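Asks: So you can see what is in the structure, the chains are spelled out below.
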Amino acid sequence: MVEEMSRGNENKSDVKEDESASKKRVITRDDLYRRSSQFRMWSYTREGLDEQKFKVNEKGKSHALKEFAAALEKIRQTDETFNQFESELSADKLADLLTADEEKRYLIFYSENIIKLTNSFRMPTQVKATAMSFFKKFYLVNSVMEYHPKNVLYTCVFLAAKSENYFMSIESFCHPLPKTEPKDVLDLEFLVLSSLKFTLFVHHPFRPLYGFFLDFQTVLLHPETAIPNLKVEALCTLYDAAKKWLSEHALISDVGFLFSPPHIALAAMYDTNKKITEKYLKMKYFVSNTVEQKQEGGQSDNTKPPESEINSKNYELLLSTINECITLIKSTPKTTREDSTEIDKKCFYALNPERLIKKRLNKLKTAGTPA
Amino acid sequence: MLEGKVDKPLSNNTDGNHNTNMSLDGRVKDMCPICKTDKYLSPNMNFLINPECYHKICESCVDRIFSLGPAPCPYPGCGKILRQNKFKKQVFEDLGIEKEIDIRKRVSAIYNKTQEDFENLQDYNKYLENIEDIVFNLNNGINVEETQAALNKYEQEHKLEILEKNMRESQKNADLGKYREAMALLKQEKLSIQKQMEIEDQEYQAQQKQELLNKLSNSDNNNSEDIIAQANLNMIKRSSLRKRQLQQINSQLDQKYHLDSSGGKKKSSDKSKTPFTPFNGDRDLIKAYKFLPAVAENEPAVSDSKAETYYDPFVNKLALDKQYLGAGWRQQYIFKKALDEAFLGIGCFIEKEKS
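One line per chain: the protein sequences are A and B, in this order.
Going by the working numbering, the letters in the first sequence line up with residues 4 to 374, in that order.
Going by the working numbering, the letters in the second sequence line up with residues 43 to 397, in that order.
Pulled out of the complex, with its shape left as it was, chain A reads as follows (with noise of 0.2 Å):
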């Protein structure tokens, strides 16, 4: 889905400058995606992503601290004997909300579970995909302190398999699920919509990997044969490991919202085979494209030394990005059940503070009444 530029301004600009230029304009494949709402709200670099996470964070642990001062000023009216306790019970003392790290793995952990969940739906990868999306997306916004992700998980998917064209009724998806009401999922759908700021469509590295699966093919086997001995089987295995590998580490990790499809698909590629995938890449940027511009017409003569140069450059950049890319996923760390039940106390404690402070507050009467 492309939306309307929001480069407006510096379009107008443009446009004023030279008008006869403007005319001739061309818009490549690149400067669609550019126009896509993936591109223009959720893409990050390394740094903005980090501090994304990190200001929600923030803005979950004040949330936290608030629903905490009103737990306590309402457990202080009920109860008589809380002002015997209450330098116990102040927020300092007690509160023990989720570091940033922590809330990281956290998700981690339960991206892994929308994995799960959607493998016993059988439900598409695209669905999975656009499902995982919504989910991290969702929590780039709002803080598990917020909102326990339990639901949310199940909102999002549910949701995910609605915009994936993969309908199924709101009755058959709660009955596997334990303790789950069709209210508990439809409550939130609104909430994770606007938290997506309603854009819905999410280009996954999927299909890009199927496109460069044929382009193999026509670059590597077309005319002839470009590696010796290399057979359409090879490639097909290529394409099926590199797809397996795309579902197993791509989709849990961040990178989706720092790289562009096609990189991810390359990355996936590229780690499968090298071999095949930096053949490949070679043909592209230093045979076909040169090809192309003698296409074009006259005027690639003159630049022609510098064009092979570009070409390079980019071939460079191509190749460093996926290289960024393989490790980013790789360095994704997984988290063990035993961490995550640990977190998930605390994420407790943090969304039900009335719950933490009368179990402390029981404590201590129970250890108050012998004294």
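These aren't lab readings, by the way, just hints derived from the structure by calculation.
The structure presented is a predicted model; accordingly, all values stated were derived computationally and were not measured.
Be a bit skeptical, because a hint or two may be false.
Within a straight-line C-alpha distance of at most 27 Å, the following computed BS3-like cross-link-like pairs (lysine-lysine) qualify [stated by the list, open to error]: (1) B:359 x A:234; (2) B:155 x A:277; (3) B:332 x A:246; (4) B:285 x B:298; (5) B:396 x A:107; (6) B:379 x A:285; (7) B:394 x A:277; (8) A:333 x A:282; (9) A:246 x B:359; (10) B:396 x A:139; (11) B:378 x B:329; (12) B:396 x A:200; (13) B:195 x B:155; (14) B:378 x A:247; (15) B:332 x B:279; (16) B:332 x A:277.
Derived Cβ-Cβ restraints for the label pairs, each shown as a range [what the hints assert, rightly or not]: (17) B:286 x A:317: 56 to 62 Å; (18) B:375 x A:232: 29 to 35 Å; (19) A:69 x B:395: 33 to 39 Å; (20) B:297 x A:201: 30 to 36 Å; (21) A:315 x B:167: 51 to 57 Å; (22) B:375 x A:239: 20 to 26 Å; (23) A:239 x B:239: 53 to 59 Å; (24) B:182 x A:201: 48 to 54 Å; (25) A:318 x B:290: 53 to 59 Å; (26) B:395 x A:232: 28 to 34 Å.
Quick look at which bits of chain A chain B covers, simulated, 3 or more residues with Cβ under 8 Å [said to hold, decoys possible]: (27) 37-43; (28) 174-188; (29) 209-220; (30) 254-266.
The beta carbon of each residue, even a glycine, is placed where N, CA and C say it ideally should be.
Use these hints to put chain B onto chain A, whose structure you have.
Replies: Only chain B this time, still in chain A's reference frame:
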């Protein structure tokens, strides 16, 4: 719109107290003010008006007063000189509309350019706006003399041009007429062929029947069933053959006629093939990939890597499925879409561009 110009009795029916004087109004409306003939008593009576002053006069009065040449309008206080040949039937009840239409006709006969004559829409709109101004002025009596003078001057200056445009328009209408005629002719021809074939079929069937009877009477009993079955089979074969023949003839005729009639239309469809883009600029038509032709339909997928097609056993197999093809599914679309997406944003380095 015309309240000031039209005389009182004519605009009566648009008054507010319309309901109370209904019966009177109805009488006034249906009565000739000159000879006082009532429509009630002579239902064949017709009213005529003259675009000079738009006063209603009944047909017999027009005959009586104007048959000897131009005469002044018999309405008291009007006195405009009217001619019999200008009288016409009233189409609209509201005389204001009647008048405006007359003016419009007159002006558009002079200002008869069409959109093709202008380079851009803005100029054409200006031209139309000008026409509207003239019509409004003439209709509402604003600067009538000046406007009329300007109109006449324009007509004098652009006489040749106006004539030329008129010719062109009539040519166009004639073309349309020709096309319609041709289509009607085509239909007729098809019908006659069909009829002829039906007659032939009937004759043939009768003949066959006769033959069958002859055969049956000549042969012994055991064979008779076989003979009948054989005859039926022949019949079915023949009818399907005939159907195909008919279809073929029809399509041939169609082609012939379309070639004849579409000669003039081709010019406009040859325009540039750049797809429409909602963005500021044209879409890049140079693809980043070379598209291989898809596997031909009805041909089994080949795993031979030498073949100049994409190899994907799953999709290639679907391409043989009639259900998919019937629904408009084509494997090229799948391939093209995937390839397009593969290069969508390959040059977008987010780390570089967003920082």
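Asks: Give a verdict on every hint.
Replies: Status of the hints after comparison with the structure:
For the given pair, residue 359 (chain B) sits about 20 Å from residue 234 (chain A) by alpha-carbon distance, which is consistent with the 27 Å threshold. The hinted pair formed by residue 155 (chain B) and residue 277 (chain A) fails the criterion: a straight-line CA distance of about 68 Å is larger than 27 Å. Annotation: proposed proximity of residue 332 (chain B) to residue 246 (chain A) holds, straight-line Cα distance about 23 Å (limit 27 Å). Restraint check for residue 285 (chain B) and residue 298 (chain B): the C-alpha separation of about 20 Å stays at or below 27 Å, so the hint holds.
Restraint check for residue 396 (chain B) and residue 107 (chain A): satisfied, since their Cα atoms lie roughly 23 Å apart, inside the 27 Å limit. Distance hint between residue 379 (chain B) and residue 285 (chain A) is fulfilled; the C-alpha atoms sit about 24 Å from each other, no more than 27 Å. The straight-line distance between the Cα atoms of residue 394 (chain B) and residue 277 (chain A) is roughly 25 Å, inside the 27 Å bound, and the hint therefore holds. The hinted pair formed by residue 333 (chain A) and residue 282 (chain A) meets the criterion: a straight-line CA distance of about 23 Å does not exceed 27 Å.
For the hint pairing residue 246 (chain A) with residue 359 (chain B), the CA-to-CA distance comes to about 21 Å; that is within 27 Å, so the pair holds. Taking the CA atoms of residue 396 (chain B) and residue 139 (chain A), the gap is near 20 Å; set against the 27 Å cutoff, the hint holds. Note on residue 378 (chain B) and residue 329 (chain B): the hinted pairing holds, with a Cα-Cα distance of about 10 Å set against a maximum of 27 Å. Between residue 396 (chain B) and residue 200 (chain A), the direct Cα distance comes to roughly 20 Å. Compliance with the 27 Å bound is thereby established for this hinted pair.
The straight-line distance between the Cα atoms of residue 195 (chain B) and residue 155 (chain B) is roughly 17 Å, inside the 27 Å bound, and the hint therefore holds. For the proposed pair residue 378 (chain B) and residue 247 (chain A), the alpha carbon gap of about 23 Å is at most 27 Å, so the pair holds. Pair hint residue 332 (chain B) plus residue 279 (chain B) does not hold up; C-alpha atoms about 48 Å apart against a cutoff of 27 Å. Proposed proximity of residue 332 (chain B) and residue 277 (chain A) is supported: the alpha carbons are some 23 Å apart, at most 27 Å.
For residue 286 (chain B) paired with residue 317 (chain A), a C-beta distance near 59 Å keeps the hint of 56 to 62 Å intact. At about 33 Å, the beta-carbon gap between residue 375 (chain B) and residue 232 (chain A) stays in the expected band of 29 to 35 Å. A beta carbon spacing of about 38 Å between residue 69 (chain A) and residue 395 (chain B) agrees with the range 33 to 39 Å that was offered as a hint. For the hinted restraint 30 to 36 Å between residue 297 (chain B) and residue 201 (chain A), the CB-CB distance of approximately 51 Å leaves it violated.
Distance hint check: the CB atoms of residue 315 (chain A) and residue 167 (chain B) are about 54 Å apart, consistent with the given range 51 to 57 Å. For residue 375 (chain B) paired with residue 239 (chain A), a C-beta distance near 21 Å keeps the hint of 20 to 26 Å intact. Judged by the Cβ atoms, the range 53 to 59 Å given for residue 239 (chain A) and residue 239 (chain B) holds: they are separated by roughly 55 Å. Taking the beta carbon of each, residue 182 (chain B) and residue 201 (chain A) are about 52 Å apart, inside 48 to 54 Å as hinted.
In this structure the supplied range 53 to 59 Å holds for residue 318 (chain A) paired with residue 290 (chain B), their Cβ-Cβ distance being about 58 Å. As the Cβ distance of residue 395 (chain B) to residue 232 (chain A) is approximately 40 Å, the hint placing it in 28 to 34 Å is violated. Restraint check on the stretch 37-43 of chain A versus chain B: 4 residues with Cβ-Cβ distances below 8 Å, three needed, restraint holds. For the stretch 174-188 of chain A, the stated coverage by chain B is violated: 0 residues have a C-beta nearer than 8 Å to a C-beta of that chain, whereas at least 3 were required.
Only residues whose beta carbon comes within less than 8 Å of a beta carbon in chain B count, and the stretch 209-220 of chain A has 10; three or more means the coverage holds. With 6 residues carrying a beta carbon less than 8 Å from a beta carbon of chain B, the stretch 254-266 of chain A meets the three-residue requirement, and the given coverage holds.
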